[in-house]
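Novice: Construct all of the structure, not just a fragment, from the sequences and the given hints.
The listed protein sequences correspond, in order, to chains P and L. Using our numbering, read the first sequence as starting at 2 and increasing by one per residue. Using our numbering, read the second sequence as starting at 38 and increasing by one per residue.
Which chain P residues face chain L? A few, computed with CB under 7 Å, are given here:
no., residue
1, S45
2, R166
3, N201
Here are the simulated distance ranges between beta carbons:
no., chain 1, residue 1, chain 2, residue 2, range
4, P, R60, L, L396, 43 to 49 Å
5, L, A195, P, D188, 40 to 46 Å
6, P, R135, L, P364, 44 to 50 Å
7, P, R229, L, V290, 21 to 27 Å
8, L, D362, P, L118, 39 to 45 Å
9, L, A441, P, E233, 45 to 51 Å
10, P, F184, L, A195, 53 to 59 Å
11, P, F184, L, D255, 44 to 50 Å
It should be emphasised that the hints constitute simulated quantities derived from the structure, not laboratory data. Cβ coordinates follow ideal geometry from the N, Cα and C atoms, glycine included.
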Amino acid sequence: MTTAAVTQGAVRDPGGDGHPRRTDHQDRTAGSPYSLTHLDVLESEAVHIFREVAGEFERPVILFSGGKDSIVMLHLALKAFAPAPVPFSLLHVDTGHNFPEVLEYRDRTVARHGLRLHIASVQDYINRGELRERPDGTRNPLQTVPLTDAIRNARFDAVFGGGRRDEEKARAKERVFSLRDEFSQWDPRRQRPELWQLYNGRHAPGEHVRVFPLSNWTELDVWQYIDREQIELPAIYFSHEREVFRRAGMWLTAGDWGGPGDGETVEKRRVRYRTVGDMSCTGAVDSDAATLNAVIAEIAASRLTERGATRADDKLSEAAMEDRKREGYF
Amino acid sequence: MTIDTLRFATAGSVDDGKSTLVGRLLHDSKAVLADQMEAVERASLGRGQEAPDLALLTDGLRAEREQGITIDVAYRYFATPQRRFILADTPGHVQYTRNMVTGASTADLAVVLVDARHGVVEQTRRHAAVAALLRVPQVVLTVNKMDLVGYQESVFAAIAEEFTAYATQLGIRQITTVPVSALDGDNVVEPSRNMDWYGGPTVLEHLETVPVGHRTNDEPARIPVQYVIRPQTAENPDYRGYAGQITSGALHVGEPVTVLPSGRTSTVEAIDMLGEPVGTAWAPQSVTVRLTDGIDVSRGDLIAPTATAPTVTREVGATVCHVADRPLTIGQRVLLKHTTRTVKAIVEEIPSRLALDDLSQHPAPGELVANDIGRVRVRTAEPLALDAYADSRRTGSFLLIDPADGTTLAAGMADATG
Chain P
2 MTTAAVTQGA VRDPGGDGHP RRTDHQDRTA GSPYSLTHLD VLESEAVHIF REVAGEFERP
62 VILFSGGKDS IVMLHLALKA FAPAPVPFSL LHVDTGHNFP EVLEYRDRTV ARHGLRLHIA
122 SVQDYINRGE LRERPDGTRN PLQTVPLTDA IRNARFDAVF GGGRRDEEKA RAKERVFSLR
182 DEFSQWDPRR QRPELWQLYN GRHAPGEHVR VFPLSNWTEL DVWQYIDREQ IELPAIYFSH
242 EREVFRRAGM WLTAGDWGGP GDGETVEKRR VRYRTVGDMS CTGAVDSDAA TLNAVIAEIA
302 ASRLTERGAT RADDKLSEAA MEDRKREGYF
Chain L
38 MTIDTLRFAT AGSVDDGKST LVGRLLHDSK AVLADQMEAV ERASLGRGQE APDLALLTDG
98 LRAEREQGIT IDVAYRYFAT PQRRFILADT PGHVQYTRNM VTGASTADLA VVLVDARHGV
158 VEQTRRHAAV AALLRVPQVV LTVNKMDLVG YQESVFAAIA EEFTAYATQL GIRQITTVPV
218 SALDGDNVVE PSRNMDWYGG PTVLEHLETV PVGHRTNDEP ARIPVQYVIR PQTAENPDYR
278 GYAGQITSGA LHVGEPVTVL PSGRTSTVEA IDMLGEPVGT AWAPQSVTVR LTDGIDVSRG
338 DLIAPTATAP TVTREVGATV CHVADRPLTI GQRVLLKHTT RTVKAIVEEI PSRLALDDLS
398 QHPAPGELVA NDIGRVRVRT AEPLALDAYA DSRRTGSFLL IDPADGTTLA AGMADATG
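Specialist: Dropping the structure here:
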């Protein structure tokens, strides 16, 4: 039997300073010829996930909103299959309340890489009377039906999402490969255990798998990677002057979608967005951060989470995200 | 400067305060932001609690908050100036052993929690056994609720001694023990003022400084082929690259390699690192390998240096953790997923089931049911290039899958092959 190396703090602490191993640690990181940065490790893991899906599925699609997480996903997919093209098409769930700058970015990106874009339109569903506008005007929860219909109609069997586990405590429970039934439902109590990096993508006809290559990334990792790779983003991520009004503690963009309402006044402020989503529920934050470095510094110092700062719909109840995910939302 | 990442998993029995410990770790290391804390304060007040219940920071599902227990593994991310952390927060209840196995499968370190009043109980032994089986290199025992035993050194010392003896017997090499009170924050992030007799690191200090056991670069190189990249474009008419993540070791241009299971040999002509050529690549980099010969290579093959290539086998002996609600039986036809290769297989034998209370092997159990850990012998329809789990967590592990509906049945850790 091998003798265990026991650090029973009270008894064995040769240095007497409470840090018996700090030296070892420094030597290891400095001395290894094969070290990698944490961004290298995250990138490699995400590429591995993209390639697994390419190897095992018939009809994968990347959810692409023109937001930073989906932009990073596309960038990773481009690297994963270089010098060949990305073997997936893109799907955008268009709420009808998107930022024009983001739609412009979306179309330009699709054209530049010669990709195919599917669009699922919430407005079309409303026009046809298949979905009804909510009293609070937010369209985020309305995305679920067009999304799940699009998946079923196009028979997508793997759907990449940019969700990160650091975003929200229900998302923290999400698998990298997340099996959904034919109604796209998520049942957090019946998830497949996910061990090592062995992803089980088996599914019955009609079922599909949601895949989250950025599961282990944090908001800061995403921004540091965007900086390292010099990835272009829609301008609304950087400080600019915008007409906004206050609702439920957030700065919303004034526009045809339904704001401002009675008693709400528009003012010009220097703001930027931390997330990009439906205009009716995505808030801007006051910011002078006009460059990647300034944005990274701002996020590192922020005392608010990305969603806490900018997403109204997550505040609807203690389990708002879990409830939407159960129904098929990302 | 490179800041490395420690992946760790927590395990504890129901009601021993694990969620509180994790909440305290996140809160006191300033990883909890203001809006998250406000949400916890609001929810705690709503339940009539005066102080914020830190367990609410981590119990993310409705059912978890209703029952006050952790049901499913959750992953959390935080960083200090010393290191980044990925925490697999796993439930302690016996019926969720499979979730601890999930968390432990990628962990460099496991934090096992015990209640100072109860000491080492069956669940503690189970957690230590799982950590040992999954080959988690480091184990930290936190003796919680020291406030409820008067912060007595003798209570801590007795539990630490008993646990260390047990864990050592399991083959765990690195064991650290820390007395804490998660509720009050003693020795979690801040040193305790109530336990002057303890001179060791706090839990966070230990996590920040413990060496991460990434020995994978000393191991032989392994590249399971995920996907063949063939652009067939005007710029790249003849490009044929084998995409895969290096699971261990390092690979060099010019190195003689063998492709398994076919056994064909070739030489590494080039290594492309996500579009850029490099001379050497190492674990865990995702690369694309080009070979000098036009031999047949496809998804599921393994590329390895000829000098250190594994043998191939169709007879797999392994320890498995059964993770499904339906049982695993002798004669059952399954799919075996090993690296990027999925093959048909049949369960030939279930020689024994592990009794976690005393670590004895119960012979011939006939079947394995949910949360059982047992020994199996499996025969596969095609040969596998399998390493022993003791040598490699990536190329020594596999899943058993129900071919009917894709359910993951069991997680396997292979024995050394002949």
